[in-house]
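Student: Starting from the structure of chain C, add chain G where the hints point.
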Amino acid sequence: MTFTRWAARRLLLALPVIAGITVLTFFLIHLAPGDPLYLLAGDGGSPAYYAEMRAKFALDRPLPEQFATYARALVSGDFGYSFTYEAPVIEVLTRYAPASVLLGATALALSVFGGALLATLSVMHRSPVLDSAIRAGSALMYSAPVYWTGQVLILVVAVKAGLLPVGGLTTARETLSGAALVIDVLQHLILPAVTLAVPFMAVIARVARAALIDVMEDTFICAARARGLSPRQLLFRHAWPQATASVMTLAGQYAPQIIGGAAFTEYLFGWPGLGNVVLHAALHRDYPLVTSAFLFISIAVVFCNAAADAVCAWLDPRVRLA
Amino acid sequence: MRLGAAILVLLMAIAAGSSWLAGNPFSTAAPPLLPPGWDYPFGTDDLGRDVLSGVIHGARTSLYAGVSAATLAAALGLLVGGFSAIRRGAADQVLMRGTDFVQALPRFLLVVTIVSLFGHSFALIILTIGLTEWPVTARLFRAQALTTLEREFVLAARAAGAGNLAILWRHVLPAALPVMGAQLSYHAGGAILIESGLSLLGLGDPSVMSWGTLLGGALRFMREAWWMSVFPGFAVTLTVLGCNLVAEGATRRR
Numbered sequence: 001m002t003f004t005r006w007a008a009r010r011l012l013l014a015l016p017v018i019a020g021i022t023v024l025t026f027f028l029i030h031l032a033p034g035d036p037l038y039l040l041a042g043d044g045g046s047p048a049y050y051a052e053m054r055a056k057f058a059l060d061r062p063l064p065e066q067f068a069t070y071a072r073a074l075v076s077g078d079f080g081y082s083f084t085y086e087a088p089v090i091e092v093l094t095r096y097a098p099a100s101v102l103l104g105a106t107a108l109a110l111s112v113f114g115g116a117l118l119a120t121l122s123v124m125h126r127s128p129v130l131d132s133a134i135r136a137g138s139a140l141m142y143s144a145p146v147y148w149t150g151q152v153l154i155l156v157v158a159v160k161a162g163l164l165p166v167g168g169l170t171t172a173r174e175t176l177s178g179a180a181l182v183i184d185v186l187q188h189l190i191l192p193a194v195t196l197a198v199p200f201m202a203v204i205a206r207v208a209r210a211a212l213i214d215v216m217e218d219t220f221i222c223a224a225r226a227r228g229l230s231p232r233q234l235l236f237r238h239a240w241p242q243a244t245a246s247v248m249t250l251a252g253q254y255a256p257q258i259i260g261g262a263a264f265t266e267y268l269f270g271w272p273g274l275g276n277v278v279l280h281a282a283l284h285r286d287y288p289l290v291t292s293a294f295l296f297i298s299i300a301v302v303f304c305n306a307a308a309d310a311v312c313a314w315l316d317p318r319v320r321l322a
Numbered sequence: 001m002r003l004g005a006a007i008l009v010l011l012m013a014i015a016a017g018s019s020w021l022a023g024n025p026f027s028t029a030a031p032p033l034l035p036p037g038w039d040y041p042f043g044t045d046d047l048g049r050d051v052l053s054g055v056i057h058g059a060r061t062s063l064y065a066g067v068s069a070a071t072l073a074a075a076l077g078l079l080v081g082g083f084s085a086i087r088r089g090a091a092d093q094v095l096m097r098g099t100d101f102v103q104a105l106p107r108f109l110l111v112v113t114i115v116s117l118f119g120h121s122f123a124l125i126i127l128t129i130g131l132t133e134w135p136v137t138a139r140l141f142r143a144q145a146l147t148t149l150e151r152e153f154v155l156a157a158r159a160a161g162a163g164n165l166a167i168l169w170r171h172v173l174p175a176a177l178p179v180m181g182a183q184l185s186y187h188a189g190g191a192i193l194i195e196s197g198l199s200l201l202g203l204g205d206p207s208v209m210s211w212g213t214l215l216g217g218a219l220r221f222m223r224e225a226w227w228m229s230v231f232p233g234f235a236v237t238l239t240v241l242g243c244n245l246v247a248e249g250a251t252r253r254r
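Each protein sequence line maps, in turn, to chains C and G. Note that the working numbering gives residue 210 to position 210 of the first sequence, counting from 1, and the numbers run on in steps of one. Note that the working numbering gives residue 177 to position 177 of the second sequence, counting from 1, and the numbers run on in steps of one.
Next comes chain G alone, as it looks inside the complex:
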């Protein structure tokens, strides 16, 4: 948990200071395919771009993708799960079958299909990831809400005249906060994996520097330049590990 949080804080600092820490990641000023050394600690790629600068700027993209997709997914999950739990009956049935359906979709393929039909835009990628990641959150929140709603203090709140929304907000949500925090963190990790993967395949947004773009470029130079693959890949792994560790810590403390 602490290790995960430390990783994420470090990453946020790097992302926040990216334009101050490193120059333009698209600049081709350096000699090409330079191994890691004093001037270029992570080496340079085939076009003479500084890999370190790419990794630093990629942090911003990844965090941005992770946070926004995860927020969208968590919000949708809360909405669907909460509504399901409060309404019960037919609405609950319909929503839960819808949740099953979205969960059964091969998410990555859907994102690839949508990107290829609608164009390679960063916003669209985030939106698709967010719109398909919510089912697990919805299910967890619904389960949590159903047990909380049985408690006496909820009955007391109802007697005091609290409406459904107020009960969800004041009583159910606080109880579910650790689980939801964990979900947010898991979603962020998942979104970062998908965004980087798309960029690796050349299906990402070409105007944004991403760890995936760096990894994709490394593919053709596996024999000549290991540093092009190792550093950005390590960055992705570390970030996702941070997200997963935070998520685990949040649920275990409960």
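Chain C with its partners taken away, still in its complex shape:
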């Protein structure tokens, strides 16, 4: 199968999942105690507004028709209105998404490189001490909740040592531009990105280590060794390309769970991203924002998964046959 056809099929497979997420959100809104009107239109409007919204969401019509209305609104980009942010939900989401993407991508890159490095060290040196140290360390990194590692990092690096800023995206008191702004944002990015990357780095390290050990026992490695390749060449030229696919698949599968971690990280560091928006909305009963953000982020995750699979299939043609 060619790559384009494979990718098109993979995207098609994502559609039922997206439909399922929409149905789930719709049912949650209708199952929740109270009038679904307030969950769809928000808390704090005037009677005239509610009358208009009741008509707009076809709430006096049968359920299937209500769902059709709801889905139509979503497709046209109408995710409702947020009273706590005093803006349409879609505007709030697009305003805060870039900061989340910046944090998530940095953390992902950090954890992939860090995890790959740990796995390589662990496999290359074959030193039992280093290997056990890395394994114990990764068990600890994997178990510590991000909301605690974050607090400890703030406490040690920002509060006690004063090396990096405690939180936020930029320094609030100064107006910076150009290179100074970039440096300022990067300084603010380090701690939250490390916090978010820690558990994922551990997961990648373990999976990559297992995959590498597995590949190193393969016969083609034995053949390459017989041809006189150095251990370094064996590892980087032969073993790693094979192990990359399992790391990529894992990265895709882990994406939904990294979002929970991102929400805590943003909350701890006051990072102006989607995670913070969702938590703010949940705490202030901004229902349209909560449900729409859930929908929006879930759909984004589905596409991330598809993208991770596509990278896998592109790297390793065998995946396309499965």
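Honestly, the hints are just simulated from the structure, not real lab data. Using N, Cα and C, we set each Cβ at its ideal position, and we do this for glycine too. It is possible that part of the hints are untrue.
Said to hold, decoys possible - Away from chain G, derived, C-beta distances all over 10 Å, residues of chain C:
{"hint": "1", "residue": "V207"}
{"hint": "2", "residue": "A223"}
{"hint": "3", "residue": "L234"}
To be verified - From the derived model, a few chain G residues whose C-beta atoms are all more than 12 Å from chain C:
{"hint": "4", "residue": "A5"}
{"hint": "5", "residue": "A6"}
{"hint": "6", "residue": "P36"}
{"hint": "7", "residue": "G37"}
{"hint": "8", "residue": "T147"}
{"hint": "9", "residue": "V154"}
{"hint": "10", "residue": "A156"}
{"hint": "11", "residue": "N164"}
{"hint": "12", "residue": "S229"}
Said to hold, decoys possible - Taking CB as the label site, the calculated pair distances span:
{"hint": "13", "chain 1": "G", "residue 1": "L177", "chain 2": "C", "residue 2": "L229", "range": "53 to 59 Å"}
{"hint": "14", "chain 1": "G", "residue 1": "D92", "chain 2": "C", "residue 2": "I18", "range": "47 to 53 Å"}
{"hint": "15", "chain 1": "C", "residue 1": "R54", "chain 2": "G", "residue 2": "R223", "range": "48 to 54 Å"}
{"hint": "16", "chain 1": "G", "residue 1": "G181", "chain 2": "C", "residue 2": "R232", "range": "38 to 44 Å"}
{"hint": "17", "chain 1": "G", "residue 1": "R158", "chain 2": "C", "residue 2": "T69", "range": "33 to 39 Å"}
{"hint": "18", "chain 1": "G", "residue 1": "G181", "chain 2": "C", "residue 2": "T69", "range": "46 to 52 Å"}
{"hint": "19", "chain 1": "G", "residue 1": "P31", "chain 2": "C", "residue 2": "I18", "range": "53 to 59 Å"}
{"hint": "20", "chain 1": "G", "residue 1": "S207", "chain 2": "C", "residue 2": "V23", "range": "31 to 37 Å"}
{"hint": "21", "chain 1": "C", "residue 1": "T4", "chain 2": "G", "residue 2": "L177", "range": "20 to 26 Å"}
{"hint": "22", "chain 1": "G", "residue 1": "G181", "chain 2": "C", "residue 2": "R318", "range": "32 to 38 Å"}
Tutor: Just chain G now, kept in the frame of chain C:
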């Protein structure tokens, strides 16, 4: 494995004896923001509550959350995986696509959404975690069941007149027990992380003392009172580490 089991046993002992070991964790009798010392080994918080007492009572909440959510998730996983493997065909396809779907959901966000729509109750939080954690277990059990069902002794059991349920219970489940035990332990760790996290954010059940509640309270006093964050956080990490170590040990011995 042994270390993990030791951690969990210690924790269970603390949880079981929590009301005997420590006083009311909500009592505000002590001076506020006292650093760790002889009378209050873990210090006190901004309202003069004993942090040690909170940590001890939090153990009970965490274990309760972990065990009940994990049991629910494991039971659902066994049910879906087992049914899928026995039935094959269309039922298998439908169930496995459903499993994919649940696995693709951002679990934490779903829990936050449900809690905000339906209210902050402990039971609801557990239920939501349990209802979303089962996919990996279902998949593993299905795979295990499919290989076991191919074996001759299953054919012999069928010839002897054993039904599907009997075969699952007597032959497939025992073979899958180590893997399922590991899953149970992983689920417990995951559930504890989510429950504490929700409480930290103020989305948990306010009537229950939880490690997350303590960590959430610590946020505003990072500069003044490190002990409010360090001890409860260490408790969460240790517990989850215990769960993960037990899970790993259970699968490696196989």
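Student: Compare the structure with each hint and give your call.
Tutor: Results for each hint:
no., hint, result
1, V207, "holds, 13 Å"
2, A223, "holds, 30 Å"
3, L234, "holds, 27 Å"
4, A5, "holds, 14 Å"
5, A6, "holds, 15 Å"
6, P36, "holds, 15 Å"
7, G37, "holds, 20 Å"
8, T147, "holds, 19 Å"
9, V154, "holds, 27 Å"
10, A156, "holds, 34 Å"
11, N164, "holds, 29 Å"
12, S229, "violated, 5 Å"
13, G:L177 with C:L229: 53 to 59 Å, "violated, 43 Å"
14, G:D92 with C:I18: 47 to 53 Å, "violated, 23 Å"
15, C:R54 with G:R223: 48 to 54 Å, "holds, 49 Å"
16, G:G181 with C:R232: 38 to 44 Å, "holds, 40 Å"
17, G:R158 with C:T69: 33 to 39 Å, "violated, 52 Å"
18, G:G181 with C:T69: 46 to 52 Å, "holds, 48 Å"
19, G:P31 with C:I18: 53 to 59 Å, "holds, 56 Å"
20, G:S207 with C:V23: 31 to 37 Å, "holds, 33 Å"
21, C:T4 with G:L177: 20 to 26 Å, "violated, 45 Å"
22, G:G181 with C:R318: 32 to 38 Å, "holds, 33 Å"
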